[in-house]
Structures are given as C-alpha cells and as structure tokens.
Amino acid sequence: MRIPDRRFALYLMTPAALFLAVFVAYPLFRLVTDSFFKISPVVGGPRSFVGFDNYVAAFTSEAFMGAGWRTLAYTVMVVTLEFALGLGMALLFTTLGTKSQVWRTMFLYPLMIAPIVAGLLWKFLMIDNFGLLGTMLTQVGILQNPNQIGWLSNPDIVLFSVAIPDIWLTTSFMCLVLFAGLQNIPGDLIEAARLDGARAPSLLFRIILPLLRPVIAVALVVRGIDAARAFDTILIQTNGGPQSASETMSLLIYRTMIRFGDPGLASAMGTIYLLAMLAIALVAVATIWRPGKDT
Amino acid sequence: MSTAPVQAVPALKDTKQPASARTRRRRGVNREGLEAGRRSTRTILWVLLAASLILYGFPFLYLLLTSFKTPIDTIAVPPTILPKEWTLDNYANALGRGGVLASFINSIQTAVISTLLSLVLAVPAAYGITRYKTASGRVFIMAALVTRMVPPVAIGIPLASMMASVGLSDTPIALSIAHTTISLPLSIWLMSSFFESVPKDLEEAATVDGCSRLGALWRVVIPVVSGGIAVTAIFAFLASWNEFLFALLMTAVRSQTTPVVIANFQTQFGLDWGSMTALAAIYSIPVILLTLLLQRKIVAGMTLGAVKG
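From first to last, the protein sequence lines are chains X and E. When we follow the numbering used here, the leftmost residue of the first sequence carries the number 1, and every step to the right adds one. When we follow the numbering used here, the leftmost residue of the second sequence carries the number 1001, and every step to the right adds one.
Isolated chain X, as found in the complex (with noise of 0.2 Å):
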C-alpha cells in the first residue's frame, strides 16, 4: 500500500520539525510565557502574574535603551565596514584571476577561528601597556606613546574597539558570497560596458552592484542577525565596560539574567529584542532585496 507523495514528504519532515517545536519554539513560548511574571531567581522559587510590567520596566530603563542604540550602531558598524571591505578584496581576487585560488583560501581561515578566541586575541593585541597594536603604532609615528589610544579603556571608541575581532573573522565570509556573485556577472556586460566608455567607477556602481543585489541582500542579511546578536567577543574583551559603553542586547539580557536575577525582565527584554531583530530583517530583505524589481 503506497501512501501518497503529499504524506511521505510530511513524515520526512516531522523529525526536524519536532525537534525545532520542542527545543526552539517551547523555550520560545516560556520566554514570552516567563516576561509577564516576577519571577524570584531561586529555583522553585514564588512567581507572581505582573502583567506588562516587565515592558513598561525594560522601555524606561536606561540600559535597555542604550543597549538598544549600542546593539544597532555596533550591528550597522560591523556590516558595513565588512561589506566594504569584503567587496574591495572580492574584486581584488577578481580582476586577478583564477591565479589568486590559493590566496583566497589562506584568506578564509579567521572563519574556522572560534570568537573567544578572536575576542582574546584582539584584546591582546589592544591591551594597554603590552599591547602590540599601541606600540606598531607609535614606532611606525602615528601615535606618541603606546598608551595614548585606550582601545578598550575608553568608553568613547570601545564599541568600536570591541567590533574589530567581528570584523576580522568574518569579512571573508562577506568576501566569499561577494566573489561567487561577481563570478555569476557575464563578461561580455563588463565588455560592451568597457566599449562604451564606462570607466571603473560608473562600472561598479552602475553594473556590478546592480547585478549583485540579491546576493548582498543575502549577505547582509545573514550578518547583520549575526552581528546584532554579538556576545563571545564583547563579553571576552571588556565584559560590557567600561560604564556599559560596549554593552550590547545579548549582554545585557544575559546580566539581568544571571548577575542581577531577574528572569521576568530578562525574558521581557529578549522577546522585545527577538520581534525587533524580525521587524529589521524583514525589511531589509524587502528594501535591499526587492525580489519584484529583479534583473
């Protein structure tokens, strides 16, 4: 007795889907179940039905709102710097050729780093005092003294201090996706383009980018909901300090959680957290994607 395809696709996908039910839209449901209550952090311990005063708690707290405005500007900060930087080496790898294969390997391997280990790495090499980066810096003359920039001292450019390992582990993904598009662009467009006249400015701007739109929005996408979800290589480097400035979402949820104890507004905060990060990709993939408007 044969069941019909419909059914046999069904039962192929039960088990996935159920594990996803059970271990990622269950804990889901007790995080929205667990932000209307004040729950006491000892285990088994009282918990009361507050309502929504666990929101109104989060929307007027300064950290939260900081940590919003630091989630988004750290986030834009981190794609962008990576997309342009990955797009300048994805072009360079193209216009050498099918001669740079090797290099292009070599260039993927931060993505194989684990981020604690980026995130110590780079705070190594910020540290104050014995840190290598001040002290290349002032013997190549840009700085006075090795200690004259607080990379990760200084609440003013910490989140940007804090960005760089994220930067630097993952603008060869950017540069990957970046290159396989450019690799989809038919050469005889860039040809007939050269014919007419286009020089190398308008032909990036007016030509490639166009044709890479999907694939960007692709990009972009995918690393900006893993940007805005940074946690490893902040908490590493300067535990949310100094005085919050590096304090971002997932920190901040994660301290109310286990440092203050306080379930209730935690899980308030991350499923505010959660409906923005849809709210966001969702447009952008309608703005940058424009799946009507495609070539």
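A hint or two may mislead.
Each computed EDC-like pair below joins lysine to aspartate or glutamate, with the alpha-carbon atoms no more than 20 Å apart [as the list claims (entries may be wrong)]:
1) E:Lys1133 <-> E:Glu1196
2) E:Lys1133 <-> E:Asp1073
3) E:Lys1084 <-> E:Asp1073
4) X:Lys38 <-> X:Asp262
5) E:Lys1133 <-> X:Asp5
6) E:Lys1200 <-> X:Asp5
7) E:Lys1084 <-> E:Asp1272
8) X:Lys99 <-> E:Glu1035
Think of the hints as simulated: they come from the structure by calculation, not from any bench.
Once you've looked at the hints, dock chain E against the given chain X.
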C-alpha cells in the same frame, strides 16, 4: 532568484574555448570582463593583495609566536613580535592544568553528537522539502530560517531548565542538543541546495526499477549528494566546536567545553596570557588544517547557501 539564467552564459563560454582563452589573455585581452589585463595594473593589484593578506594573517601568527614565548616575555613592555627565547612552557602549563584535557574530550563528544543529530534530522527534511515542493515544505523552510534569528541568550535558560527536568543537566548530550538548534536550520538550508542540484530522473528511474521511495533516497540519491553531506557535517561540527554562549549557560564542571575553559583562564587565574595563547592555538589549528584540506568543498557549501538563496 536571478542568478540561474545569468549563470548559463559563462558556463557555455567556458566549455567552448578553454584553449583559445589562454592565447587571448596573453595578448592582453580579458577572457572574463573583470580580469585586469595590463601588466602594470596586475602588479599593483598583486602588491595590494600581498599587503592585505599580511595584515589579515598577522594577528593569528602573533598568537602562535606568543605561545612560544616565556611567561615573562609574554607581557614584556614594549612587546616583541618574535620570542626572545623559544620554549614550550606555555603548552606544558596549559595542558597540565586540571580540566583542560577533559574539556577537549567534551568538545569532541558534543560536536560529534551534534553533527550526527543535525544530519539525521536535516537530510530527510531537506529531501522532503526540495523533492515534493509541498506547501508544508515551504512553510517549514521559512520557519527554519526564522529560527536562525532566535538569539541563543533568549532560549538558553529555558533550555537548561528543560534539560535539568529530564536529568540531563551538565551533560554533553544536553549541550549537543542546544548546539543542534543552531546547526539544524543551517543544515536544512545547505542540504536543500544540494538536493536541488540532483536531477529528478535519477530516483524516478530507481522507483521504476522497483525501489521504494525510501530505498531510492538511501541507495541512489544519498550517494550522489555525499559531498554535500560532508560539507554540511563540517559546518555543523564547526558551529558546535566554536560555540560559547550555550556552553557557558548549560555546562558546569562535568561537561565544560574548551571555549569555556579558555574564557575562564582570564578570570580564574588572573591574566595568564601565555597559557591562553597556547590552548587557543591547540584548539584552532586542527580545524584550520581540516578546512584547508577540504577547502574546495567548503567554499562550494558556503556560497551555495548564500548565492542560491
């Protein structure tokens, strides 16, 4: 997406004229439109590439060099790039510390279980989605993509308490399940792209010959996509191997993985940079080597996911 029709053009060209392309490039005409032709331009570009690769590769090289320094040298002011005296002390210190070797075993266990779990769940699911194109399949792949956005910090605590209630707290199994929530959506996405490229005639022929659909999948389709399965396995493995947040939330002493141990070097024992760099090197080098060996497949996998969308 729009890449498919565009792709056909260069593919046709390549098969037609591999030999003549070489002669044309020698004359300074581009085969592919974007490749630089003039020798002077190419030289400048090579210099630029060399400079960026040195800049990009230097941080990890410095980590390796530091791991061979003596503990005093490590935090010398001003720092030196090369060790004044080469020594393996940092490695001996790092590996001799309690819990470090056990954490390696935990990391391997967790990553292997998580990889197997991801594959067992993702391969049939992706096949069901791409081969039968049902409405439920479309809904499911969208749902799988949305789970990618869930921040681990949001579900880590509920997951940990769920594991505790079934007596699995602080075990590699619990952590590998948590890691699978990250790698499963990615695996489904990747495997779907690989199944998409298998011609449908293949298993139709097999079913005509009397194979059941499950038999056709197992005996005909899976051998064809074995390269894709390998790529997916590597990604699932790396996702678990390098993961930190779930490991921090869900493990205590028994099942701690190496990333957590590396992070603890900093707080628990003061700033022991030397041992930290040694342990980080030991932990990173196997996966970097593995990746370089399998690079062609990995590059294919990474771009499939993103470019085909």
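Hint check results:
A hinted pair counts as satisfied when its Cα atoms are at most 20 Å apart, and lysine 1133 of chain E with glutamate 1196 of chain E qualifies at roughly 11 Å. Distance restraint check for lysine 1133 of chain E and aspartate 1073 of chain E: the Cα-Cα separation of roughly 62 Å exceeds the 20 Å cut-off, and the hinted pair is therefore not satisfied. Straight-line distance between C-alpha atoms of lysine 1084 of chain E and aspartate 1073 of chain E comes to about 7 Å, which keeps the hinted pair within the 20 Å bound. Taking the CA atoms of lysine 38 of chain X and aspartate 262 of chain X, the gap is near 8 Å; set against the 20 Å cutoff, the hint holds.
Distance check on the hinted pair: lysine 1133 of chain E and aspartate 5 of chain X sit about 10 Å apart at the alpha-carbon level, within 20 Å; holds. Between lysine 1200 of chain E and aspartate 5 of chain X, the direct Cα distance comes to roughly 14 Å. Compliance with the 20 Å bound is thereby established for this hinted pair. Between the alpha carbons of lysine 1084 of chain E and aspartate 1272 of chain E the distance comes to roughly 19 Å, so the proposed pair stays at or under 20 Å and holds. For the suggested pair lysine 99 of chain X and glutamate 1035 of chain E, the alpha carbons sit about 11 Å apart, so the restraint of at most 20 Å is met.
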